[in-house]
Amino acid sequence: MSLRSLSCEQSLLARCDGSARFKHGETSVVAAVYGPGDVKPNKEIINKATIEVTFKPKTGLPGCAETALEKILQDTCEAVILTSLHPRSSISIILQVEHDDGSLLPCCINACCVALMDTGVPMRGFVCAVACAVQQSGEEIIDPTLEQEQSAAAVLTFGFSNESEIITSHMIGQIAQEKFYSALSFASSAAKTVSDFYRSSAEKKLSKELHVKERVNEVKS
Amino acid sequence: MDKIVGTYCSTRKLKVLICEGSITTADGSALVKVGNTTVICGIKGEFAVPGGDKSNEGYIVPNFELSPVSSPHVRPGPPSEEAQVISHFLSDLIKKSSFVNVEDLCIEAGKLAWALYCDLVCLDSDGSLTDASVIALLSALSSMRLPRAQVNEDTGLGEVTDTRDVKLQLNDFPVATTFGLFDGVYGLADPSNEEESLCGASFILTTSDNGLLFGCNKSGGAALPSQDLPSYMTIAVNRAKAVKSLIDTVCRDSDSINSIRSS
Chain C
150 MSLRSLSCEQ SLLARCDGSA RFKHGETSVV AAVYGPGDVK PNKEIINKAT IEVTFKPKTG
210 LPGCAETALE KILQDTCEAV ILTSLHPRSS ISIILQVEHD DGSLLPCCIN ACCVALMDTG
270 VPMRGFVCAV ACAVQQSGEE IIDPTLEQEQ SAAAVLTFGF SNESEIITSH MIGQIAQEKF
330 YSALSFASSA AKTVSDFYRS SAEKKLSKEL HVKERVNEVK S
Chain U
192 MDKIVGTYCS TRKLKVLICE GSITTADGSA LVKVGNTTVI CGIKGEFAVP GGDKSNEGYI
252 VPNFELSPVS SPHVRPGPPS EEAQVISHFL SDLIKKSSFV NVEDLCIEAG KLAWALYCDL
312 VCLDSDGSLT DASVIALLSA LSSMRLPRAQ VNEDTGLGEV TDTRDVKLQL NDFPVATTFG
372 LFDGVYGLAD PSNEEESLCG ASFILTTSDN GLLFGCNKSG GAALPSQDLP SYMTIAVNRA
432 KAVKSLIDTV CRDSDSINSI RSS
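Heads up: the protein sequence lines correspond to chains C and U, in order.
Residue numbering for the first sequence follows our numbering, starting at 150 and increasing by one per position.
Residue numbering for the second sequence follows our numbering, starting at 192 and increasing by one per position.
Hints listed in this document are in silico derivations from the structure and should not be mistaken for laboratory results.
It cannot be assumed that every hint is accurate.
Straight-line alpha carbon distances no greater than 30 Å define the calculated DSS-like cross-link-like pairs of lysine-lysine that follow [unchecked claim]: (1) U/LYS245 - U/LYS235; (2) C/LYS354 - C/LYS205; (3) U/LYS206 - U/LYS235; (4) C/LYS220 - U/LYS287; (5) C/LYS341 - U/LYS302; (6) U/LYS302 - U/LYS206; (7) C/LYS328 - U/LYS432; (8) C/LYS207 - C/LYS354; (9) U/LYS245 - U/LYS432; (10) U/LYS245 - C/LYS205; (11) U/LYS206 - C/LYS207; (12) C/LYS353 - C/LYS341; (13) C/LYS205 - C/LYS353; (14) U/LYS287 - C/LYS328; (15) C/LYS205 - C/LYS189; (16) C/LYS205 - U/LYS286; (17) U/LYS432 - U/LYS206; (18) U/LYS432 - C/LYS207; (19) U/LYS286 - U/LYS245; (20) U/LYS287 - U/LYS302; (21) U/LYS286 - U/LYS302; (22) C/LYS192 - C/LYS205; (23) U/LYS286 - C/LYS220; (24) U/LYS206 - U/LYS245; (25) C/LYS220 - C/LYS205; (26) U/LYS287 - C/LYS205; (27) U/LYS432 - U/LYS286; (28) C/LYS220 - C/LYS341; (29) C/LYS220 - C/LYS357; (30) C/LYS220 - C/LYS197; (31) C/LYS207 - U/LYS286; (32) U/LYS302 - U/LYS432; (33) C/LYS189 - C/LYS220; (34) C/LYS207 - C/LYS220; (35) C/LYS328 - U/LYS235.
Which stretches of chain U does chain C cover? Using the computed rule of at least three CB atoms under 8 Å from a CB of chain C, they are [what the hints assert, rightly or not]: (36) 304-316; (37) 347-354.
Per label pair, the in silico range of CB-to-CB distance [stated by the list, open to error]: (38) U/THR216 - C/SER160: 57 to 65 Å; (39) C/GLU358 - U/GLY242: 51 to 59 Å; (40) U/ASN362 - C/ARG164: 50 to 58 Å.
Note that the Cβ used here is the ideal one computed from N, Cα and C, for glycine as well.
Please take these sequences and the hints and turn them into a complete structure.
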């Protein structure tokens with residue numbers, strides 16, 4: 150039981166303060182972060198930063214489903230960003246779906262976290278998100294494809310903190326309670342793979358920067 | 192469990208009031224009060240043509256809105272984010288679980304089906320809006336009576352009789368229970384508006400009286416210790432049992448009424 154191949158690309162957009170493209174297999178989401186920056190006076194919070202999330206689906210106009218997704222992402226990011234360090238400012242996160250092949254919500258959460266890391270927004274940790282589909286037969290599938298999600302009895306998405314606690318959870322469909330607990334434990338162990346992936350992609354990005362600095366020093370001396 | 196304060200039935204003594212048939216012009220309606228939170232649901236059935244590959248299915252379209260009378264924070268205008276989230280929650284509950292069969296709404300495959308427009312309005316917003324909305328929707332669907340309908344062979348249009356005896360069969364009664372997490376440790380069932388604003392996080396468990404889980408939705412905030420989940424589930428299931436028996440009492444019918452399934 151394992152995730153599809155994860156891949157991530159950082160700093161791909163030039164105009165924003167930070168960006169990331171996160172892929173779970175074929176599912177691909179680009180997240181861009183602007184901030185901390187100006188905030189509209191009616192949205193200003195005097196002691197914290199205002200987190201704004203805009204979600205753009207691949208096709209069609211945004212509706213209730215997109216607003217609900219934006220709310221989940223906003224609340225998830227607020228749980229990990231140290232908002233009190235940037236009062237009366239806004240941190241805007243924009244997500245664009247490039248391809249949806251299942252596990253869209255976890256891919257969006259992961260893309261947000263990596264983009265925020267790329268921007269350098271102060272955070273208390275990460276949220277590692279994984280989806281688990283429970284089939285009609287009772288079989289649990291981690292990181293389901295779109296086809297697996299549509300035929301499943303239930304699709305559960307969990308976002309775990311660094312300490313493997315549940316920060317975010319979302320479920321559609323119906324299952325017995327025992328299935329829920331087994332899906333939760335599978336998702337919790339799969340989330341460690343995502344957490345290791347964050348760490349290795351951060352190391353790769355920083356080692357590239359270090360190499361550039363060393364070359365510059367060599368040239369100077 | 193000392194940590195979890197309050198259940199639907201016992202310590203918090205929150206009254207649930209269900210009044211069905213409040214809107215006489217609607218095909219089904221219910222007014223629900225959970226504590227102070229008041230939500231009214233009205234259902235109108237209209238004819239619709241079943242779409243492409245789903246030619247034997249009808250439609251159930253929920254729409255939730257917050258009325259400006261409900262709270263000083265609600266302004267008149269398009270539905271706020273909070274209202275859209277609840278509309279989407281109800282829509283997901285209907286489409287993605289099988290507590291109600293949309294095939295039962297089909298009158299003639301490919302030609303005519305019922306589309307049930309469920310409009311929910313919150314009249315008093317005092318926390319746990321999702322709970323009250325779900326109970327209102329379930330009560331209104333249970334109390335709904337549609338006329339018998341068929342396709343007229345000559346004109347090809349739908350026509351109805353004057354009777355009102357066709358009802359929709361509900362397989363399950365999924366009931367949502369909101370819990371507020373205070374200090375990451377104490378769980379408050381059915382938080383009021385003031386309690387919700389003080390809690391660091393909240394989550395919604397949707398369960399039915401037979402223990403099936405229809406939803407576990409938590410949106411950010413403080414972490415939820417997973418070892419406490421079984422106790423929250425027990426409270427949610429007990430509440431689902433109490434709400435179901437309340438709905439059954441309110442919507443009790445005589446044997447002569449036919450359900451859509453049998454006709």
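Output the indices of the hints that this structure fails to meet, ascending. Hints 5, 6, 9, 11, 18, 24, 29, 32, 35, 36 and 37 not satisfied by this model.
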